[in-house]
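Participant: From first to last, the protein sequence lines stand for chains A and B. Numbers given in the numbering used here equal positions in the first sequence, counted from 1, plus 443. Numbers given in the numbering used here equal positions in the second sequence, counted from 1, plus 16.
There may be inaccurate statements among the hints.
[What the hints assert, rightly or not] The list that follows gives simulated cross-link-like pairs (lysine-lysine, BS3-like), each with its CA atoms no further than 27 Å apart:
1) A:Lys500 - A:Lys551
2) A:Lys444 - A:Lys555
3) A:Lys460 - A:Lys500
4) A:Lys551 - B:Lys25
5) A:Lys500 - A:Lys514
6) A:Lys444 - B:Lys73
Please keep in mind that the hints were generated in silico from the structure rather than gathered at the bench.
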Amino acid sequence: KNQVEQSPQSLIILEGKNCTLQCNYTVSPFSNLRWYKQDTGRGPVSLTIMTFSENTKSNGRYTATLDADTKQSSLHITASQLSDSASYICVVSARDSNYQLIWGAGTKLIIKP
Amino acid sequence: NAGVTQTPKFQVLKTGQSMTLQCAQDMNHNSMYWYRQDPGMGLRLIYYSASEGTTDKGEVPNGYNVSRLNKREFSLRLESAAPSQTSVYFCASSEHGVNEQFFGPGTRLTVL
C-alpha cells in the first residue's frame, strides 16, 4: 500500500535554531515528492517539488533532500523564524497517477522566541 | 489575482441537511480538486477534475457529488450530511496533475 510517514509528529525549537524533518515513503512507481507548509487555519502552500533525479532543492532557508534508493526525504530549516511555525507536509506522487497524491500527516513545528 | 477562493468559510449543518461548497480559481488552471482534512491525518482526495468536462472519484467519494461548472468553478455537494463529514474541506487547482497545486483557504464544516 502506498504510504507516506513523517517524523517527528511535533517539534518545538528556539528561534534561530536549525531543524530537520523526516519523510519516509513506500509509493511505487515514484514520480515526485513535494513539501508543503500549512499555517494554522490556512491551505497548504508548496515549498518544493523534487523528481527522481534531484537530490537537493532549496527555497530560501528551506532545503529538501531526496534519496530515491532508500525512499527517504528530509526538509532542513536554517535559522528558524517565528513565522516558520506551521505544519510541514510531505506529499508523494506515483507515476501511474498524476492526480492522486499520497499525503503524509505532517510535522507540527513550533518556534519559540 | 485572487488565486483559489472558497465559500463559505464556516458552516454548521444538522444531520440530513444538504449543502454545496463553492470553489473558483482565476489562474486558468485545467485541473481542480476537493480534499478533506481531519485531525492527525493527511489530506484525502474526495473528487478531482482533470480538465473541464471531466470528473473522477478520489480516495473518499462516498456521500459527495461534484460539478465542474466551467473551467473556473468546481463545486462539492453533500446531499445528506452526516456527522462523519465534519471536517475541513479544501479546494485546489493545478495547471495539470503533475504540477504544483494551489489551495484555497478552506471551509470548516460541522455536522451535528
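Participant: Verify the proposed pairing of lysine 551 of chain A with lysine 25 of chain B, using a straight-line Cα cut of 27 Å.
Facilitator: holds (23 Å)
Participant: Does lysine 500 of chain A pair with lysine 514 of chain A here, judged by a C-alpha cut-off of 27 Å?
Facilitator: holds (16 Å)
Participant: Under the criterion that the straight-line Cα-Cα distance not exceed 27 Å, is the pair lysine 500 of chain A, lysine 551 of chain A satisfied?
Facilitator: With a Cα-Cα distance of about 21 Å, the restraint between lysine 500 of chain A and lysine 551 of chain A holds, given a limit of 27 Å.
Participant: Next pair to validate is lysine 444 of chain A with lysine 73 of chain B; report whether the Cα-Cα distance is within 27 Å.
Facilitator: holds (18 Å)
Participant: Keeping to a limit of 27 Å between CA atoms, is the pair of lysine 460 of chain A and lysine 500 of chain A held or broken?
Facilitator: holds (20 Å)
Participant: Run the distance test for lysine 444 of chain A versus lysine 555 of chain A: straight-line Cα separation, threshold 27 Å.
Facilitator: violated (37 Å)
Hint violations for this structure: number 2 only, all remaining hints satisfied.
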